[in-house]
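J.: Each chain is listed here by its residues.
2 protein chains.
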Amino acid sequence: MAKIQISLCVVCLVCSLILNLLLVSNHMHVGGKWELSWSRKAAEEGEAAAAVACSGHGRAYLDGLVVDGSPVCECNSCFEGPDCSQFSPDCIANVDGGDPLFLEPFWMQNAARSAMLVAGWHRMSYAFNNQSLMSQVLENQIRKLHTAVGNAVTQGRFIVFGTGSTQLLNAAVYALSPDNSSAPAKVVASFPFYPVYQLQTDFFRSKDFQFQGDAYLWENNSDSTSNLIEFVTAPNNPDGQLNKAVLHGPYVKAIHDHAYYWPHFTGIPAPADEDVMVFTLSKLTGHAGTRFGWALIKDEAVYQRMSTYVKLNCLGISRDAQLRAYKLLKVVMEGSGREIFEFGHATMKNRWEKLSSALSVSKRFSLQDIAPQYCTFFQTVRAASPAYAWLRCEREEDKDCYRALKKAGIIGREGTLFGTASSYVRLSLIKTQDDFDMLLHQIKKLVAEEDDMHARSTM
Amino acid sequence: MAKIQISLCVVCLVCSLILNLLLVSNHMHVGGKWELSWSRKAAEEGEAAAAVACSGHGRAYLDGLVVDGSPVCECNSCFEGPDCSQFSPDCIANVDGGDPLFLEPFWMQNAARSAMLVAGWHRMSYAFNNQSLMSQVLENQIRKLHTAVGNAVTQGRFIVFGTGSTQLLNAAVYALSPDNSSAPAKVVASFPFYPVYQLQTDFFRSKDFQFQGDAYLWENNSDSTSNLIEFVTAPNNPDGQLNKAVLHGPYVKAIHDHAYYWPHFTGIPAPADEDVMVFTLSKLTGHAGTRFGWALIKDEAVYQRMSTYVKLNCLGISRDAQLRAYKLLKVVMEGSGREIFEFGHATMKNRWEKLSSALSVSKRFSLQDIAPQYCTFFQTVRAASPAYAWLRCEREEDKDCYRALKKAGIIGREGTLFGTASSYVRLSLIKTQDDFDMLLHQIKKLVAEEDDMHARSTM
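These protein sequence lines are chains A and B, in that order. Numbering of the first sequence is given in full-length UniProt numbering, commencing with residue 1 and proceeding in unit increments. Numbering of the second sequence is given in full-length UniProt numbering, commencing with residue 1 and proceeding in unit increments.
Some hints here could point you the wrong way.
Unchecked claim - The calculated lysine-lysine pairs, modelled on PhoX-like cross-linking and capped at a C-alpha distance of 20 Å, are: (1) Lys-311/B <-> Lys-311/A; (2) Lys-41/A <-> Lys-41/B; (3) Lys-406/B <-> Lys-207/A; (4) Lys-330/A <-> Lys-41/B; (5) Lys-363/B <-> Lys-406/B.
As the list claims (entries may be wrong) - Chain B is faced by these chain A residues, among others (derived, beta-carbon under 8 Å): (6) Ala-50; (7) Leu-65; (8) Met-108; (9) Ser-135; (10) Gln-136; (11) Glu-139; (12) Thr-166; (13) Gln-200; (14) Gln-212; (15) Gly-213; (16) Thr-290; (17) Asn-313.
Calculated directly from the structure, the hints in this document are not laboratory data. In this text, all values refer to a predicted model and were calculated from it rather than measured experimentally. Backbone N, C-alpha and C fix where the C-beta goes; we use that ideal spot for every residue, glycine too.
Go ahead and model the full structure; you've got the sequences and the hints to work with.
T.: Structure follows, in structure tokens:
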């Protein structure tokens, strides 16, 4: 009896000791090299917001509206309900804007690498320690990235940060305009063009520059002493073409907008090597909301003027945005430095193929042609993967293409806004998968109706 | 024997079980309600950066330069070395800029409440869920704060966010200028005035406005159909006075810059109730680097034009800056909602008293008078605590006051930049304690020399 008692006791003791060992090792493992103190609450709040279940059709944010102590799901278009699980059957495919949410899943998959903990006293000062308004480590990271991707020459270039590329586009126009000249510089872009160029230039009503429309109209202009500033967009927004400057001459300056010059959207034939090149985090990592862009500038005087613009406009770029950009770009460069581009290209190529295939049988709609391009980054000729479909309505009765699509439950962006005919509409392919799926669904329905109509008319 | 064995075994078992219990409870306690997963690495990195020892004269940041795997200390002025422990004896007191680092210790003391964990996919979109570029919860927080502090009326006011107040000052000038008028609006400010008003207005060279100097020059101007825009700064930068508008009339608009209208710097006699009021996070929480400001606007058309300015200028304010502002303002409002103001006022009052006392015996230098003010927030008449000392050199030979101070190891900001005589210099009192201590040290030395000179001259 006593023996049994002893045996039982020993078994219990051994079990208990094993449990102790497990708990101690687990405790040490959980503790890692660092026992968290003041950051723990923030980390818990961050994980709690991320853990709110939104059915894969939305997400809850740390600074979302709070109901019952928990941030609410913010649902993708066409989904609603507290957990975004309810599909709205009469939903419209809204593919108007350029929200680059196609990259959101990449960051969700890389949660641990991309999270950051911001202390309450993080960089309160106006300036960094070297009295600059710009983070030196971020600038270094940007130079490394361009070298790794091979999409821009950074040697001998100055860098200016901007609140998105939006601010830098206008800063560049200011910097390239003649000082106190009697005639304002003429700002042009080859059509179709990104509407913000004109909207900005018109709105700020400077004495020094004026929007003058299509670059091609000035190609053979005899007035060769006019100061001209040409926006050159490559790949172009809306049509994805790798535009080159139309205008040349001693009084011509160009602003090269390379927002989309990343392997997600185009082959990279060679590093861009122009005098003024503008890039943005938005179309690289997908963080449009962070509002961070940069310009690579050859000429020191232009760099100085752009820096002055940013300084007098807003005293530099938010240090929080700079910290975020730094963290994200570090993740982009980790590992092989190819992951995000492989993800981005695969996603965009897949969408373009699906849309092209759905429209291939249509006589009513056509898409832009995008030539296959050798990509020095992927070291292969690669299939098209543009950010936008530049759709044309081919029929006379669909002359107002935007309206025709709207009737069919698709909101695009009117071609007229890009300076071209109303028979064109831009469809965004870079939004969420839900947005793209809805677009594809509506397009397929439209094309099917076309067949029906054709069938009826030949009966 | 068996009994002893059993007893021993039971004792061991009980001990082991107690240890089990302790470990489990400790494990649960450490884990809190949440077992951290993907946020742990970020939290550890954040704490590791904060734990770098910088002797109380500097701090290391998450995005600082890295040496041996650890971010380096960024030292306050006058301190150097890897841990900022070496005082530079020949150091100059640099009190030129308006870096509000006097509040840094407040945030270090409130580390757990003010930390935040940002997920890699946090708010990637251009817009919030309601299609606005502005966070609704942040806007609500701002309204609550003004009501709690009693420094501005927010009822019936629109709110526009800006990249610091800097951007909003210029946005307001645009919004208040007449559209397509033949004569540009005249932009004025009563002297001494914050130099950015002029620098911005001159730099952006709009057809619609022009800087025209001192508001007082237009007080009795017969040309009463001129459009006038007056910057009214209360408390004023540089001299801390609660300025009122100088100009009135049907063609006069005012932009009320209330950057310093917080209990740190002034008594709050009543809520500000003007048509266009501009505020900034910088002088409220001390986060100049976040670049976040807001304007309270009465007129819807003005609000719309300011919103358009921000939209075309930079597509709204960084979501990272908005998240940070939201988090910080939540901490400001926690508890009694008085902590930060008590801290801020105590610090600034202490500095002002020390400086005033050091200069009280001087015949060479004088400070501005600041009338005691009843403060509705603290519900008492409170001692002066201005952000800047507006120092006057009284002697003819010190007419270039900036130079006289520089010779004595003090860098201020020249009075001429504020539109007044060179016998004035602005000294910043809102920088780090090290900066203030250095200023006080140099001032005391100067005043002591004055006594010596006086003693010599009367010998």
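J.: Hints first: check each against the structure and report whether it holds.
T.: Status of each hint after checking the structure:
no.	hint	result
1	Lys-311/B <-> Lys-311/A	holds, 18 Å
2	Lys-41/A <-> Lys-41/B	holds, 14 Å
3	Lys-406/B <-> Lys-207/A	violated, 39 Å
4	Lys-330/A <-> Lys-41/B	holds, 15 Å
5	Lys-363/B <-> Lys-406/B	holds, 19 Å
6	Ala-50	holds, 6 Å
7	Leu-65	holds, 6 Å
8	Met-108	holds, 5 Å
9	Ser-135	holds, 6 Å
10	Gln-136	holds, 7 Å
11	Glu-139	violated, 11 Å
12	Thr-166	holds, 5 Å
13	Gln-200	holds, 5 Å
14	Gln-212	violated, 16 Å
15	Gly-213	violated, 18 Å
16	Thr-290	holds, 6 Å
17	Asn-313	holds, 6 Å
In the structure shown, a violation is registered for the earlier hints numbered 3, 11, 14, 15, in ascending order.
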